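> Now for the letters of each chain:
2 protein chains.
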Amino acid sequence: MAAFDFALLKQLRAEGSASRSEDLLAGIITAILLVPQGMAYAMLAGLPPEMGLYASIVPPAVYALFGSSRALAVGPVAVAALMVANALTQHYSGEDQSAVFAGAMILAAETGLILVLLGVLRLGALVSFISHPVLSGFTTGAAILIITSQLKHLSGIGLERGDALTTVAAFLQRLDESHTPTLLFGIGAIVLLMLARKPLTTLLTSAGLSQRVATITGRTVPLVIVIGATVIAALTKADSYGLSVVGDIPAGLPVPSLGFFNAEGWAALLPSAVLIALVGYVESVSVAKVLAARRRQKINANQELTALGFSNIAAAIAGAMPVAGGFSRSVVNFEAGARTQLAAIVTAFLVAIVALFFTGWFYFLPDAILAGIIVVAVTQLIDIAGARAIWRYDRADGAALITTAMAVLILGIESGLVIGIVLSLALYLWRTSQPHMAVLGQVPGTGHFRNVNRHIVDTLPRALIVRVDENLYFANAGAVEDYLMRHINARPEINAVVLLMSAVSYIDASALEMLEHLEQDLRASGITMHLAEVKGPVMDRLRRTSFGQELAADRIHLSAKSAWDTLTN
Amino acid sequence: MAAFDFALLKQLRAEGSASRSEDLLAGIITAILLVPQGMAYAMLAGLPPEMGLYASIVPPAVYALFGSSRALAVGPVAVAALMVANALTQHYSGEDQSAVFAGAMILAAETGLILVLLGVLRLGALVSFISHPVLSGFTTGAAILIITSQLKHLSGIGLERGDALTTVAAFLQRLDESHTPTLLFGIGAIVLLMLARKPLTTLLTSAGLSQRVATITGRTVPLVIVIGATVIAALTKADSYGLSVVGDIPAGLPVPSLGFFNAEGWAALLPSAVLIALVGYVESVSVAKVLAARRRQKINANQELTALGFSNIAAAIAGAMPVAGGFSRSVVNFEAGARTQLAAIVTAFLVAIVALFFTGWFYFLPDAILAGIIVVAVTQLIDIAGARAIWRYDRADGAALITTAMAVLILGIESGLVIGIVLSLALYLWRTSQPHMAVLGQVPGTGHFRNVNRHIVDTLPRALIVRVDENLYFANAGAVEDYLMRHINARPEINAVVLLMSAVSYIDASALEMLEHLEQDLRASGITMHLAEVKGPVMDRLRRTSFGQELAADRIHLSAKSAWDTLTN
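Chain order of the listed sequences is A and B.
Heads up: the first sequence at position 141 corresponds to 141 in my numbering, and the numbers run straight through without jumps.
Heads up: the second sequence at position 126 corresponds to 126 in my numbering, and the numbers run straight through without jumps.
Treat the hints as calculated values from the structure; they're not laboratory data.
Quantities reported herein were computed from a predicted structural model and do not represent experimental measurements.
A virtual CB, placed ideally from N, CA and C, is assigned to each residue, including glycine.
Heads up, a few of these hints could be off.
Claimed, not checked - A few chain B residues facing chain A, derived, Cβ under 7 Å:
1) SER128
2) ASP469
3) PRO492
Unchecked claim - Sample of chain B residues lacking proximity to chain A, with all beta carbon distances greater than 10 Å (derived):
4) ASP176
5) ALA251
6) SER328
7) ASP397
Make the full structure from the sequences, and use the hints.
As structure tokens, then:
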């Protein structure tokens with residue numbers, strides 16, 4: 001493979017050996033975070049804990065070889081885990097567990113194949129059709145949905161899966177059924193994890209520790225809580241008072257298998273896999289870009305598609321769940337000092353050690369602790385301040401954000417995302433179908449033309465000069481025609497109309513037809529149509545039409561000023 | 001109803017009494033066309049002939065009272081009839097006939113209610129999202145589909161309903177089963193109807209008749225064929241040799257009934273009704289606009305929605321099928337001299353006379369004749385020249401047209417229309433996601449800025465001046481950022497970037513975020529970002545953001561020239 005060079009090797013050469021110890025430390029910190037997170041997200045996906053651990057071993061190692069981000073921490077992520085849970089319960093209700101687990105691998109395989117396909121076709125730009133407000137509303141809605149989905153693990157109440165409102169209502173109605181020990185573990189974990197953030201770091205730094213050491217100490221808190229809670233549950237014999245615990249996790253490394261290839265569900269799961277692929281890719285690339293920018297590095301979108309695709313295919317083969325680059329985990333990795341994907345290799349190695357030798361230790365780990373970890377992790381995804389800023393800047397974008405979040409909560413995660421995307425595109429199309437137009441006049445003696453309603457300008461008594469601030473295409477051709485006819489009818493003395501095309505970079509066939517008919521109608525009424533400031537590419541195409549050729553003779557002007565001069569002579 | 005004035009009365013006052021005789025003649029001509037057409041389109045819709053006659057009586061009379069077009073001839077139309085047939089066979093397979101007939105009335109009622117609702121909400125602009133190429137491809141595909149659907153009536157072969165290719169293949173395979181008398185009637189009708197157009201008019205004018213009389217004579221040919229064929233079939237005892245004929249048509253006028261209100265299928269038929277409403281409205285308004293423009297009259301889109309809506313509701317109450325303004329029929333009405341909707345009242349009256357007294361006369365009318373009338377009528381909808389012109393002007397529009405036509409033929413009329421609409425919107429969005437951008441320089445000594453690749457211009461050694469020819473929104477924010485970064489990275493000496501915003505009339509929240517991040521990143525590299533020629537509405541919104549306020553201080557310039565001057569000082 002002379003022409004081929006693993007991304008990791010390039011990164012190591014670029015950073016030099018001085019970065020190795022930083023990568024080692026970052027890898028350890030990320031592994032400490034990832035072991036409980038991997039198990040927790042598997043639980044969120046309705047899968048056994050080892051599928052989360054396996055997803056934290058092979059996929060990050062594969063990403064390390066191919067990815068263009070140096071700090072992205074690939075593995076199970078909360079939102080994708082919820083989407084997996086959703087897809088699996090939809091398609092495998094009542095079936096035995098092994099079919100469900102095979103379904104998770106099918107999802108990983110399909111997600112991977114879709115991403116590789118998009119990478120090969122260089123279609124990474126497709127994800128740009130998910131707007132920031134939609135993504136923000138989706139993430140916020142998903143985070144709330146995830147929190148409500150964990151109420152059963154935090155309270156011990158046997159709640160059914162359902163939309164957020166139904167779950168919360170059922171939870172409140174059945175509050176008296178809650179299991180006190182479960183509640184204590186769950187709420188305890190949440191409180192300690194919250195304290196482990198800002199408050200602990202502040203405390204430790206004021207006690208004299210460096211900022212770095214304080215932050216790193218904070219990162220170990222989840223593992224400390226996991227170990228502490230497990231020890232308490234084991235000592236108090238959790239089973240005896242009905243505390244739900246993780247139980248047996250088979251020890252060992254993932255064994256490659258292609259058995260899922262023959263399992264049922266490839267067609268049924270495909271739509272879900274498309275959405276998981278999109279969401280996973282968008283989350284990964286967003287954080288990869290943010291982190292790369294901080295060190296003036298670059299992310300290659302198509303390389304990311306391929307690398308994340310390979311990771312997911314590897315996840316499927318390793319018997320794991322779909323993966324992506326986690327937002328908060330990548331930030332932790334970066335801030336712990338990760339300079340290259342060597343950190344990911346270290347993380348994968350350490351998680352493998354845990355999977356091989358220490359799974360028995362987690363027998364008494366309470367589910368409520370994992371639920372607490374999930375809740376605290378996804379709380380960071382809720383961005384109220386960002387939502388308010390978007391609302392202030394643009395009501396339509398704000399409405400798209402709120403609608404997406406509400407749709408996720410009420411109609412579910414997949415419908416919510418699709419509704420958000422469709423709505424944002426519809427809003428954009430609707431806006432372009434109602435173009436801004438302005439009647440212009442000349443700023444006295446300048447040759448500049450401005451809106452007659454905003455500026456003091458000269459106008460010609462028998463000419464109408466109009467600027468169209470939008471491409472001319474089928475959805476706005478009618479509106480443009482109506483606007484022109486309204487202004488022409490209001491001034492019967494007009495004998496010339498000038499369209500200023502400086503903001504028009506495209507005229508489609510429908511709009512061309514409108515212009516042709518309008519020109520004919522106006523001509524029949526003794527009014528001539530002129531164009532000015534037609535852009536190069538637009539002019540190139542107009543020249544191919546008889547309409548364009550006819551106008552080009554003497555009615556297409558380089559500037560508004562020259563149209564003005566022609567009409568005044 | 002003092003504030004209310006029927007549209008027809010206004011038209012009559014405007015035209016004066018001189019127009020009455022013209023309206024009378026036009027009404028007669030249109031009725032001669034409409035009687036066989038009404039029965040034929042009912043057959044196309046899979047409904048009994050009287051439902052087509054009833055649709056030709058009440059709905060045009062109702063439209064006459066409310067519509068804004070003076071020449072639009074409302075009644076059954078071919079494409080809507082096919083859509084009705086499609087919806088009914090989808091939802092009522094195996095049910096008894098009366099349920100199917102009630103389904104047609106439900107479709108008419110729903111179509112009417114949707115149109116009235118759109119009119120009340122002033123949402124007529126919604127139909128502008130159907131582009132001309134999509135409509136043209138749809139109509140052409142539908143016309144071919146209609147022709148194939150009539151092969152069974154023309155040949156007497158018992159073909160199943162199906163997509164165009166399957167039907168044609170089955171027809172060719174079973175050609176030896178064709179029934180010779182049926183073929184003779186069918187092909188005879190088609191040939192005579194074809195000759196009745198151009199050839200007959202040419203012959204009659206060259207024989208000394210005026211153009212007008214020749215044309216009007218041509219218009220009577222369908223009725224002559226109908227009468228002639230019926231007489232031949234009756235004399236030869238059509239039943240005895242297996243010729244399929246219309247049979248009994250109950251005599252009488254439509255009896256108002258709201259029975260369909262309680263029938264099954266309202267929810268199931270709604271999607272079909274939406275499409276029938278859209279297609280019917282678009283066809284009606286297109287022809288109404290064309291005809292109005294010829295006499296310098298105007299069409300009110302919202303009034304049309306309401307008037308067509310009332311017509312369809314009336315159709316449902318009269319026990320008829322959905323209606324619209326027919327293209328060729330309206331042209332006939334117009335060319336026969338219709339000045340007001342009085343012509344439509346005359347037509348409705350004459351069709352009512354037929355329904356009341358003459359339905360028995362059509363017992364022996366062969367189905368093959370009606371099929372021939374349908375085939376010749378829809379052949380006019382196939383517009384190959386228009387398709388070629390669109391393809392030459394714009395490949396994307398041409399592709400949308402061809403795809404829509406093919407989808408109608410292969411996947412059916414509803415799927416084809418939806419695919420066409422979605423495709424045309426997707427193509428537009430894709431185009432705006434790949435905006436045209438240009439690096440600019442100053443045309444020496446002019447203050448005008450032009451593309452460095454198209455013009456000889458001066459550039460500044462340390463500044464990059466870029467014009468973005470598209471609104472900035474989520475789908476192209478990434479592409480714009482990539483373009484800028486590529487050009488900045490290619491010229492490391494740059495310390496200023498000027499974005500010329502003359503073609504940007506909208507920046508959404510996603511694009512704003514991109515600009516903010518880009519500005520921060522550039523600033524960190526010692527590059528300042530400037531904006532120039534920011535439009536009023538865009539500037540109003542930018543001022544609400546800290547980003548905009550910061551730039552507004554000294555980095556937002558009125559013109560590219562003033563940005564240039566600032567950077568050179």
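> Should the hint that ASP469 (chain B) touches chain A count as held when the rule is a Cβ pair under 7 Å?
holds (4 Å)
> Regarding the assertion that ALA251 (chain B) does not contact chain A, is the least Cβ-Cβ distance greater than 10 Å?
About 45 Å separates ALA251 (chain B) from the closest Cβ of chain A, which puts it past 10 Å; holds.
> Using Cβ atoms only, decide whether PRO492 (chain B) comes closer than 7 Å to chain A, and label the hint accordingly.
Result: violated, 12 Å to nearest chain A Cβ.
> A cut-off of 10 Å on Cβ-Cβ distance, and ASP176 (chain B) was said to be off the interface with chain A. Does that hold?
holds (41 Å)
> Any Cβ of chain A at or closer than 10 Å to SER328 (chain B), or is the non-interface label fine?
holds (19 Å)
> Quick check for students: does the CB of ASP397 (chain B) sit more than 10 Å from each CB in chain A?
ASP397 (chain B) not clear of chain A: closest Cβ-Cβ about 4 Å, inside 10 Å.
> With a cut-off of 7 Å, does the beta carbon of SER128 (chain B) approach a beta carbon of chain A closely enough for the hint to hold?
holds (5 Å)
In this structure, the earlier hints numbered 3, 7 are contradicted, and the remaining ones agree with it.
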